[in-house]
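J.: Each chain is listed here by its residues.
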Amino acid sequence: MFEIRPTERGFEVSMSAELTNIDLADRRMAEFLDRAGAPLDRFAVRILLREALLNAVTHGSGQDPGMTVRLTMFLDDDGMVMEVEDQGPGFIWQNRDMVFDVCGDGGRGLPIMQIYSSEMTYNDAGNRLVIRRRYESGCACARATGRGD
Amino acid sequence: MLQTEQGQDVLVVRPGVDIVASQVEQLKKDLQALVEKGHVHLVIDLEGTGMIDSKGLAVFMLCHKSVSSRGGSLKVVTANRDFRQLFHITRMDEHFKVEETL
Numbered sequence: 001m002f003e004i005r006p007t008e009r010g011f012e013v014s015m016s017a018e019l020t021n022i023d024l025a026d027r028r029m030a031e032f033l034d035r036a037g038a039p040l041d042r043f044a045v046r047i048l049l050r051e052a053l054l055n056a057v058t059h060g061s062g063q064d065p066g067m068t069v070r071l072t073m074f075l076d077d078d079g080m081v082m083e084v085e086d087q088g089p090g091f092i093w094q095n096r097d098m099v100f101d102v103c104g105d106g107g108r109g110l111p112i113m114q115i116y117s118s119e120m121t122y123n124d125a126g127n128r129l130v131i132r133r134r135y136e137s138g139c140a141c142a143r144a145t146g147r148g149d
Numbered sequence: 001m002l003q004t005e006q007g008q009d010v011l012v013v014r015p016g017v018d019i020v021a022s023q024v025e026q027l028k029k030d031l032q033a034l035v036e037k038g039h040v041h042l043v044i045d046l047e048g049t050g051m052i053d054s055k056g057l058a059v060f061m062l063c064h065k066s067v068s069s070r071g072g073s074l075k076v077v078t079a080n081r082d083f084r085q086l087f088h089i090t091r092m093d094e095h096f097k098v099e100e101t102l
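Read top to bottom, the protein sequences are chains F and D.
Throughout the first sequence, residue numbering follows the numbering used here, covering 1 to 149 in sequence.
Throughout the second sequence, residue numbering follows the numbering used here, covering 1 to 102 in sequence.
The hints are simulated quantities; they were obtained by calculation from the structure and are not laboratory data.
One or more of the hints may lead you astray.
Distance windows between CB atoms, simulated [claimed, not checked]:
1. F:1 / D:48: 28 to 36 Å
2. F:37 / D:71: 25 to 33 Å
3. F:119 / D:2: 33 to 41 Å
4. F:9 / D:48: 29 to 37 Å
Built from N, CA and C at the ideal position, the CB exists for glycine as well.
Generate the whole structure from the sequences, applying the supplied hints.
T.: This is the structure in structure tokens:
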């Protein structure tokens with residue numbers, strides 16, 4: 001299941017918790033950004049979308065196609081806002097360390113989102129994530145890591 | 001199916017697809033098969049790859065560990081500046097080479 005609806009300044013997606021739907025959402029977002037012509041770092045927005053949906057599909061929903069993941073994305077005066085919500089129980093994000101094991105098999109998703117976003121907020125339960133990426137914020141990586149080019 | 005090209009001392013591998021969650025399981029198997037055949041000096045050329053995510057990064061690290069444990073090496077080649085920056089900010093370029101050209 002993959003349903004997309006345009007909104008006043010963006011779009012909304014309801015999708016079953018399947019990995020291939022992340023690819024579909026990414027393509028639809030690229031089309032939307034092409035039409036909107038917004039001054040956003042395309043790669044940053046794409047990886048933010050992918051990592052947010054990946055967490056919701058895998059950790060939040062256990063890749064259960066019977067579960068639904070919702071994505072809302074819109075542009076406002078400051079930049080792009082995306083909200084991703086799953087039907088899972090959430091997680092204790094307050095205790096999650098944003099430092100990851102470089103050699104590990106996982107744990108990179110949250111730090112990547114933190115690096116590429118301007119702001120990132122979970123609800124208390126940890127199953128709804130709101131990400132903002134401001135216009136012309138290409139230096140966010142350097143600020144967050146001190147490792148910019 | 002991976003496209004491969006035998007160099008003088010290395011095998012150049014071109015996945016030619018996005019290295020993202022929906023694709024990584026096949027890539028992981030294909031790379032492991034190459035390593036088990038004795039190809040332990042690998043260059044992964046990202047020409048034709050349009051996107052990488054965290055699941056994709058994990059495959060590069062797995063491949064690095066696999067070839068390193070057999071005395072080999074991994075190098076990633078990509079002209080895509082965003083990809084090189086992603087390898088840099090996740091500090092993966094401290095473990096294997098990430099270069100712009102072959």
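J.: Are the hints correct? Go through all of them and say.
T.: Against the structure, the hints come out as follows:
1. F:1 / D:48: 28 to 36 Å: 30 Å, holds
2. F:37 / D:71: 25 to 33 Å: 51 Å, violated
3. F:119 / D:2: 33 to 41 Å: 39 Å, holds
4. F:9 / D:48: 29 to 37 Å: With Cβ atoms ~34 Å apart, the hint holds.
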